[in-house]
Amino acid sequence: MENEERLVEENRICKTGIEELDIQLGGGIPVGSTVLVVGSSGSGKTTLCMQYLINGANQGERGVFFTITEPLFKLTKNMEGFGFYNKKLIESGMVNLIDLRIISERLGLDTEKYTVEDASALLDILRDIADELNVKRLIIDSITALCYRLQTKEMIRDFIFKLGSSLAAMKCTTFLTSEVPPMTFQYSQYGIEEFISDGIIFLGDYERKGDLLRTFQTVKMRGAAHSRSKSAMVISAKNGIELVPLLKSRE
Amino acid sequence: MANILIDGLKERISNAFKINQSIGILLPGNNYSDLLQAIFEHIINQPEDAWIYVTVAKPYDILLKQYSFLPDANNIKFIDCISRAAGILRSDPNCVYIESPTMLEKIGLEIMNMFKEVDEDVKKYLILDSLTNLILYNDPGIVTEFFYHIVNITRVKNIHTISLAIEEEGLEKHLNRLIYLNDKILRVRDSFI
Numbered sequence: 000m001e002n003e004e005r006l007v008e009e010n011r012i013c014k015t016g017i018e019e020l021d022i023q024l025g026g027g028i029p030v031g032s033t034v035l036v037v038g039s040s041g042s043g044k045t046t047l048c049m050q051y052l053i054n055g056a057n058q059g060e061r062g063v064f065f066t067i068t069e070p071l072f073k074l075t076k077n078m079e080g081f082g083f084y085n086k087k088l089i090e091s092g093m094v095n096l097i098d099l100r101i102i103s104e105r106l107g108l109d110t111e112k113y114t115v116e117d118a119s120a121l122l123d124i125l126r127d128i129a130d131e132l133n134v135k136r137l138i139i140d141s142i143t144a145l146c147y148r149l150q151t152k153e154m155i156r157d158f159i160f161k162l163g164s165s166l167a168a169m170k171c172t173t174f175l176t177s178e179v180p181p182m183t184f185q186y187s188q189y190g191i192e193e194f195i196s197d198g199i200i201f202l203g204d205y206e207r208k209g210d211l212l213r214t215f216q217t218v219k220m221r222g223a224a225h226s227r228s229k230s231a232m233v234i235s236a237k238n239g240i241e242l243v244p245l246l247k248s249r250e
Numbered sequence: 000m001a002n003i004l005i006d007g008l009k010e011r012i013s014n015a016f017k018i019n020q021s022i023g024i025l026l027p028g029n030n031y032s033d034l035l036q037a038i039f040e041h042i043i044n045q046p047e048d049a050w051i052y053v054t055v056a057k058p059y060d061i062l063l064k065q066y067s068f069l070p071d072a073n074n075i076k077f078i079d080c081i082s083r084a085a086g087i088l089r090s091d092p093n094c095v096y097i098e099s100p101t102m103l104e105k106i107g108l109e110i111m112n113m114f115k116e117v118d119e120d121v122k123k124y125l126i127l128d129s130l131t132n133l134i135l136y137n138d139p140g141i142v143t144e145f146f147y148h149i150v151n152i153t154r155v156k157n158i159h160t161i162s163l164a165i166e167e168e169g170l171e172k173h174l175n176r177l178i179y180l181n182d183k184i185l186r187v188r189d190s191f192i
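Note that the protein sequences, when read in sequence, are chains D and A.
Using numbering that gives the first Met the number 0, the final residue of the first sequence is 250, and nothing's skipped along the way.
Using numbering that gives the first Met the number 0, the final residue of the second sequence is 192, and nothing's skipped along the way.
Be a bit skeptical, because a hint or two may be false.
Derived lysine-lysine pairs resembling DSS-like cross-links, with alpha carbons at most 25 Å apart [said to hold, decoys possible]:
hint : chain 1 : residue 1 : chain 2 : residue 2
1    : D       : K237      : A       : K115
2    : A       : K156      : D       : K237
3    : D       : K237      : A       : K123
Think of the hints as simulated: they come from the structure by calculation, not from any bench.
Kindly produce the complete structure, drawing on both the sequences and the hints.
Right, here's the structure in full:
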């Protein structure tokens, strides 16, 4: 515990603020990591990212959430029901919500497919925003939707690598959400994202007697002695995301 | 006859609670209502203790109707695992509703979350009603794992556990295996009281 506090003080680990997750990670995520949060629709990716961001803001770490998949009004409306949501953090600028599609439009980028120059311009603006706001936590929801606009695998690799490197230099810990089809064990649509990321968190489903339970598993986290055990993930309005050991008896 | 039965049960339950960390109560179905009556009367007579009652057998609403003194009790909260599955949509500040009795991990989490809100120095009790019903909705293996988990974590947290098992044909093997995880077993028989 003392060691963990020292690492937080030394700015070496970033506590997610989700108690059970921080325990599983041996204290938190190594600062500057790029973590891929993988899951199908409804698996809890956005909620996990938002809770991580708000918990950080409560600890004095500024954050930014770039959304591509849903408009800001929908995002905030969905989050208002959670106990962790705090409108004041948004009003005070500790948590910044930005619609990436609007930025793309303002930059005059093609909304469907990016050229190499477009991707470079977008990367610059993301880095500038992170730098200007001095954010320590950054979310892109989703990297899949962004990668869809990048035309080759090389562009995807280059984009994520450069983004991750720049943010790591700023000591900013980044979550990229990755959309995958339900009930599959793949980490990304393009098969590249996971290799450039420092960490992979896999949010899955588990069917028990016809009911779907959410599951959580840290597949990879460079620089952390983390658990790879599968947990049950519970999302409630009161507490947001909570993890408990998954019962594993054969059914 | 019923009053004698309830009084006898109350005394046995009360004595067992004083000594043991976890108690399993095995009973025939026809004594079930009397046992609940005895347990709830015991609870309202211990207002300084905190109780959490997990119901997999009867919806919370039915319990409130059957035991009319329950709404006045301030020392008991409920986790209802059956109403939602039965299509009963209701909310109550005194009760947490779980979507389905198959959501065992969520049941465990809610138990611990509710106890977190209770002061450290208050005596804490958990009632699981019942192991039989959990087995009806889940495979016995996973109920055993769940119950192991609950018994262990409640022991660590100094919470007393009372688990009910209603005898049912075909389930004896599983119920016996589960009930013996407790420190003390009470077998309820009309003739013994």
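| message | Against the 25 Å threshold, does the CA-CA distance of K237(D) and K115(A) hold or violate the hint? | response | Distance ~14 Å between K237(D) and K115(A) Cα, so the pair holds.
| Satisfaction of hint between K123(A) and K237(D), Cα-Cα up to 25 Å | holds (22 Å)
| field | 25 Å limit on alpha-carbon distance, applied to hinted pair K156(A) and K237(D) | value | holds (23 Å)
The structure agrees with every numbered hint stated previously.
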